[in-house]
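Engineer: Using the sequences and the hints, build the whole thing.
The lines below spell out each chain.
Number of protein chains: 4
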Amino acid sequence: MTQQQYQQCIDACLECMNACNVCYISSLKEYDLAMLRDCIRLNRECADICAFAAQAMTRGSDFIGEICELCVKACEACAAECGKHEHDHCQACAEACRRCAEACRLMAAVAK
Amino acid sequence: MTQQQYQQCIDACLECMNACNVCYISSLKEYDLAMLRDCIRLNRECADICAFAAQAMTRGSDFIGEICELCVKACEACAAECGKHEHDHCQACAEACRRCAEACRLMAAVAK
Amino acid sequence: MTQQQYQQCIDACLECMNACNVCYISSLKEYDLAMLRDCIRLNRECADICAFAAQAMTRGSDFIGEICELCVKACEACAAECGKHEHDHCQACAEACRRCAEACRLMAAVAK
Amino acid sequence: MTQQQYQQCIDACLECMNACNVCYISSLKEYDLAMLRDCIRLNRECADICAFAAQAMTRGSDFIGEICELCVKACEACAAECGKHEHDHCQACAEACRRCAEACRLMAAVAK
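Those protein sequences? They're chains X, W, S and Z, same order as listed.
Residues in the first sequence are numbered from 528 upward in steps of one, following our numbering.
Residues in the second sequence are numbered from 528 upward in steps of one, following our numbering.
Residues in the third sequence are numbered from 528 upward in steps of one, following our numbering.
Residues in the fourth sequence are numbered from 528 upward in steps of one, following our numbering.
Don't read these hints as lab results, they were simulated from the structure.
Because the structure is a prediction, the values reported are computed rather than measured.
Be aware that one or more of the hints could be misleading.
Label pairs and their computed distance ranges (CB to CB) [what the hints assert, rightly or not]:
hint : chain 1 : residue 1 : chain 2 : residue 2 : range
1    : X       : V637      : W       : E622      : 46 to 56 Å
2    : X       : Q618      : Z       : A607      : 39 to 49 Å
3    : W       : Q532      : X       : A619      : 41 to 51 Å
4    : S       : Y558      : X       : A619      : 26 to 36 Å
5    : X       : A636      : S       : R632      : 17 to 27 Å
6    : S       : K556      : W       : A561      : 45 to 55 Å
7    : W       : D559      : X       : A619      : 41 to 51 Å
8    : Z       : M562      : W       : E613      : 35 to 45 Å
9    : S       : V637      : Z       : K611      : 47 to 57 Å
10   : S       : A607      : W       : E613      : 42 to 52 Å
11   : Z       : Y558      : S       : D615      : 21 to 31 Å
No more than 25 Å apart at the CA atoms, straight line, and that leaves these computed lysine to any residue pairs for SDA-like [what the hints assert, rightly or not]:
hint : chain 1 : residue 1 : chain 2 : residue 2
12   : Z       : K556      : S       : A561
13   : Z       : K639      : X       : I552
14   : Z       : K600      : S       : L555
15   : Z       : K611      : S       : D559
16   : W       : K639      : Z       : L633
17   : X       : K556      : W       : Q618
18   : X       : K556      : Z       : K639
19   : X       : K639      : S       : A635
20   : S       : K639      : S       : E629
21   : S       : K556      : W       : D565
22   : X       : K639      : X       : Y533
23   : S       : K611      : Z       : L555
24   : Z       : K600      : W       : L633
25   : W       : K556      : X       : I552
26   : Z       : K600      : Z       : R564
27   : Z       : K600      : Z       : Q534
28   : Z       : K600      : W       : V637
29   : W       : K556      : S       : K639
30   : S       : K556      : W       : T529
31   : S       : K639      : S       : F590
32   : W       : K556      : S       : D589
33   : Z       : K611      : S       : I552
34   : Z       : K556      : X       : T529
35   : X       : K639      : Z       : V549
Think of the CB as a built atom: it goes at the ideal place given N, C-alpha and C, for glycine as much as any other residue.
Structural biologist: Below you can see the structure in the form of structure tokens.
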């Protein structure tokens with residue numbers, strides 16, 4: 528694992544955290560709020576897990592493999608839910624989640 | 528500041544985190560979801576700040592005074608919003624927020 | 528999974544977070560600091576993961592199984608390291624870690 | 528407050544979190560560990576507060592002013608301590624802390 532690979536995964540997690548939180552606050556303002564319950568819930572979940580993963584990588588955690596595997600699952604679940612909705616913030620979030628899942632999958636494979 | 532006073536404030540923060548998160552997930556399932564937008568947002572905010580404050584106290588942070596002052600503001604805002612709603616989870620949350628605000632106000636006064 | 532089982536696991540995580548952070552700040556003050564490098568590092572790691580797990584359970588996360596599995600690994604690693612040292616705070620931490628690992632193992636088995 | 532100003536402050540917090548955690552793990556490996564006790568403690572403190580601040584900004588927290596004021600204090604304390612040590616990681620951390628304190632001071636002035 529090179530320093531560059533670490534940095535790419537950290538960046539993907541931080542971008543995903545940001546996209547999830549933007550989608551979270553935007554969804555809470557939408558008219559069709561009732562359709563976005565799972566989206567809001569998974570946005571927070573995924574943002575918190577991505578933030579945790581990013582910091583774990585910067586502090587050289589012994590558990591990066593496990594944390595990145597967890598992050599893959601959260602990102603995939605959030606991408607699947609946000610991908611159902613046509614709001615721009617949902618689509619942008621789904622896209623960031625897919626990129627982050629890919630980066631974390633790679634990291635988990637190397638770190639364990 | 529005695530060890531007992533610390534423990535009381537830590538416990539108040541953890542109970543408030545729990546009540547806020549219970550209110551958060553319960554609100555996301557309610558029929559009158561649209562009226563609970565601010566409640567949901569402040570639940571998460573307050574839960575995260577309480578969790579942060581509790582852990583800061585257990586690790587003997589140098590910034591307990593400032594963190595507890597922040598926690599007072601978050602708890603007061605969440606109590607004010609949740610107090611407007613008649614759902615049991617909102618009322619229970621408002622009550623936990625008020626107790627936590629009181630404990631944190633005392634801690635902030637001593638810690639700074 | 529009953530509400531009581533959840534609460535027992537949340538409590539075990541919060542007690543472990545507390546014991547890890549007490550061991551962390553105590554270790555940083557010890558004379559034989561150089562022998563406690565891994566202890567300090569794993570204390571922080573385990574405290575952060577336990578705090579994350581406790582909050583994830585209170586917000587009804589979809590990923591409680593995975594998060595509790597991660598917590599088992601962190602607790603086992605921290606217990607193994609702290610168990611090597613005779614300081615009271617290390618022994619107390621190792622004990623809290625073992626209890627938390629047991630509670631999280633049970634939770635992970637049911638939640639997945 | 529423009530979106531660009533937010534982004535600059537978020538980036539400063541994330542870079543500071545990273546520098547603090549790099550300094551933290553590097554300090555724990557140093558020969559002169561005993562001189563770095565406060566450095567290690569403040570590194571963790573500052574990293575955790577910066578991470579919290581960055582995520583609070585991405586989720587549009589109502590408490591950005593207070594959180595950024597807290598971040599200023601943590602960054603100043605960490606910069607003062609790390610600035611005393613000649614290790615490259617300490618100097619780099621002190622520099623990142625000063626930049627983050629400046630960005631957060633600006634944000635706090637506007638947000639409150």
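Engineer: Determine which of the earlier numbered hints do not hold for this structure and return their numbers in increasing order.
Structural biologist: Those not satisfied are hints 4, 7, 8, 21.
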